[in-house]
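There are 2 protein chains.
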Amino acid sequence: MLKVLVLGSAAGGGSPQWNCNSHVSKLVRQGLDGTTPRTQSSIAVTSNNKEWFLFNASPDLGSQILKNKQMHPQKDLRHSPISGVVLTNGDVDHVAGLLTLRERQNLSVYAHKRVHSVLKENSIFNVLNPDYVDRREMSMNTNFELKNKDNVGSGIEVEAFEVPGKIALWLEDESKGENFGTQEGDTIGLKISSKDDGKFFFYIPACAEMTNDLADRISGSEMILFDGTLWKNDEMASSKVGEKTGQRMGHMNNSGENGSMHALKDLNIKNKIYIHINTTNPILIPNSDERKIVEENGWEVSYDGMEINL
Amino acid sequence: MLKVLVLGSAAGGGSPQWNCNSHVSKLVRQGLDGTTPRTQSSIAVTSNNKEWFLFNASPDLGSQILKNKQMHPQKDLRHSPISGVVLTNGDVDHVAGLLTLRERQNLSVYAHKRVHSVLKENSIFNVLNPDYVDRREMSMNTNFELKNKDNVGSGIEVEAFEVPGKIALWLEDESKGENFGTQEGDTIGLKISSKDDGKFFFYIPACAEMTNDLADRISGSEMILFDGTLWKNDEMASSKVGEKTGQRMGHMNNSGENGSMHALKDLNIKNKIYIHINTTNPILIPNSDERKIVEENGWEVSYDGMEINL
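One line per chain: the protein sequences are A and B, in this order.
Counting from 0, one number per residue, gives the positions in the first sequence under numbering that gives the first Met the number 0.
Counting from 0, one number per residue, gives the positions in the second sequence under numbering that gives the first Met the number 0.
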């Protein structure tokens with residue numbers, strides 16, 4: 000079996016965002032229309048209800064751990080049910096939480112070598128003392144079992160694969176043209192399986208485009224947690240909170256001909272769940288037309304604290 | 000006038016700490032004995048109830064902004080009452096919150112040149128786009144007015160001064176002997192004044208020793224927020240959650256002959272308030288003997304959300 004706990008369901012900055020006063024952020028601050036605060040994108044997965052792996056470590060990790068009892072220390076004076084972390088890219092909203100995981104705790108941190116190299120270049124991540132924290136390079140397109148610092152298997156298997164995306168914002172290099180220096184491996188998706196019973200799901204919190212390869216890969220699967228950042232490509236501009244399009248940020252829309260609802264419609268995926276949802280996205284409002292549309296298309300909108308058994 | 004809002008009253012890791020199961024952390028998680036969660040050390044100060052400066056930016060800044068209405072955007076689609084940040088050292092618990100202050104917001108960030116240089120070496124802080132965020136070097140022992148990005152005065156004046164301390168943990172260099180490469184300016188204290196009426200207080204969240212110079216400086220003042228990390232020097236070891244002493248970490252004890260209660264006893268300071276309190280410190284338990292002792296000695300124990308008018 001696998002159990003998934005959504006620690007954070009929002010995109011970078013969370014919902015509300017600290018300096019955003021747009022419609023959804025305002026509603027969430029006022030607790031109106033059934034909206035609730037959402038922290039930044041991260042899930043935890045366990046195969047035994049005891050040890051958990053985090054998938055991405057958001058800047059909100061401290062409050063996420065406090066809010067979810069499953070993440071509390073269970074025994075001894077220093078303990079955590081968190082065995083390690085798997086990173087899908089180098090975005091601040093996916094790596095800054097590593098800074099919270101200091102204090103002498105054994106951990107294994109899995110990432111693409113591109114991501115490891117930028118963590119290494121940033122000495123602030125030295126708070127993760129190598130006596131306790133083992134940084135492990137993740138090969139692509141290979142199934143392997145996640146292991147804790149002492150190399151004890153977790154019962155969780157992972158296959159990582161590159162997906163269309165974008166280099167992290169803080170690593171963009173404008174001199175490198177319109178893709179800002181993006182390379183293969185800057186954004187990855189994951190197939191996460193139970194070693195025991197073989198059940199699996201996909202976790203793809205950022206994806207710029209549905210390729211044929213990717214569609215083949217996820218087709219027929221039982222569950223997917225997928226990039227739900229924006230309802231439409233120009234949402235930041237039309238909400239007047241920014242200029243960047245979804246494509247510029249490396250994200251597919253939910254709606255439209257080139258959107259994820261359309262792209263996944265005929266892929267025969269049983270449970271489709273949006274995660275990494277930006278605070279501008281109207282699907283965050285339970286009674287909105289857009290929420291109705293995604294639900295009619297067979298999608299759920301994830302929320303902080305959501306538990307899924309597989 | 001000055002108004003002080005305590006955003007976070009705990010030392011690094013907060014209380015409870017994520018992987019700590021010692022007495023106080025356990026009580027806080029269970030909500031027992033009047034204990035409450037405390038986030039990591041930071042205060043906000045305003046002279047006009049509209050614009051605020053942060054003093055230190057903790058990893059918990061996202062949740063601190065959400066919890067305190069004074070920090071919410073008040074108008075327009077992008078807005079924040081936060082005009083800037085002043086840093087007292089380069090510790091993760093004082094700088095990681097800068098990563099939360101992304102999203103196109105004008106800010107000025109004041110720090111010692113030592114701290115600016117390590118921020119510059121860590122490219123992850125490039126999320127603070129220089130079009131919006133102005134990094135300003137703070138001279139020591141000079142009174143100056145904090146100004147926002149557009150150089151409009153805040154009505155808050157600051158004088159920074161070096162205090163005995165330690166280089167940030169992630170910058171320690173064991174090859175440099177027992178002080179790990181610590182230099183002047185790695186830890187500073189601040190005198191924070193109202194430009195309007197001249198009232199002032201001291202904010203010294205880390206201090207390894209009370210020197211004669213420092214005692215002279217703070218003597219007779221109306222208020223001090225002072226390093227309350229540990230009750231006693233070997234508290235981490237005796238709580239069995241670590242080995243480091245307070246001295247090793249650059250902090251004075253509250254208690255004892257070399258402690259802050261003793262050192263500040265005869266300095267005629269009207270309001271003495273502990274801040275940056277570690278989760279092992281029994282003064283965090285309202286009904287503890289140690290809390291009684293600090294209160295009998297004229298100290299208050301700060302808490303998240305505490306407001307002080309000066």
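Keep in mind the hints are simulated off the structure, nothing from the lab.
Treat the hints with caution; some may be incorrect.
Because identical chains cannot be distinguished in the list, a pair is counted as satisfied if it fits within a single copy or across any two copies.
[Unchecked claim] Computed cross-link-like contacts, BS3-like style, restricted to lysine-lysine with a CA-CA straight-line distance of at most 27 Å:
(1) 2 / 25
(2) 25 / 49
(3) 269 / 239
(4) 175 / 68
(5) 66 / 239
(6) 264 / 112
(7) 269 / 198
(8) 119 / 175
(9) 66 / 25
(10) 66 / 112
(11) 148 / 239
(12) 119 / 239
(13) 146 / 231
Now the hints, each set against the structure:
Only between protomers do residue 2 and residue 25 lie at most 27 Å apart by alpha-carbon distance; the minimum there is 26 Å, versus 33 Å within a single protomer. Taking identical chains as interchangeable, the C-alpha atoms of residue 25 and residue 49 lie at most 27 Å apart only when they sit on different chains, with a minimum of 19 Å there against 38 Å within one chain. Neither within a single protomer nor between protomers do residue 269 and residue 239 lie at most 27 Å apart by alpha-carbon distance, with minima of 36 Å and 49 Å respectively. Taking identical chains as interchangeable, the C-alpha atoms of residue 175 and residue 68 are never at most 27 Å apart, the minima being 45 Å within one chain and 42 Å between chains.
Taking the shortest Cα distances, residue 66 and residue 239 sit within 27 Å of each other only across copies (25 Å), while inside one copy they are farther apart (32 Å). Within a single copy, residue 264 and residue 112 get their C-alpha atoms no closer than 33 Å, and across copies no closer than 55 Å, so neither meets the 27 Å cut-off. Taking the shortest alpha-carbon separations for residue 269 and residue 198, only the intra-copy value of 13 Å comes in at or below 27 Å, while the best inter-copy value is 65 Å. Taking identical chains as interchangeable, the C-alpha atoms of residue 119 and residue 175 lie at most 27 Å apart whether they share a chain (22 Å) or sit on different chains (22 Å).
Taking the shortest alpha-carbon separations for residue 66 and residue 25, both the intra-copy value of 23 Å and the inter-copy value of 14 Å come in at or below 27 Å. Taking the shortest Cα distances, residue 66 and residue 112 never come within 27 Å of each other, neither inside one copy (32 Å) nor across copies (37 Å). Taking the closest pair of Cα atoms, residue 148 and residue 239 come within 27 Å of each other only across two copies (22 Å); inside a single copy the shortest separation is 46 Å, beyond that limit. Taking CA atoms no more than 27 Å apart as the test, residue 119 paired with residue 239 passes in neither setting, with 37 Å inside one copy and 31 Å between copies.
Taking CA atoms no more than 27 Å apart as the test, residue 146 paired with residue 231 passes in neither setting, with 39 Å inside one copy and 39 Å between copies.
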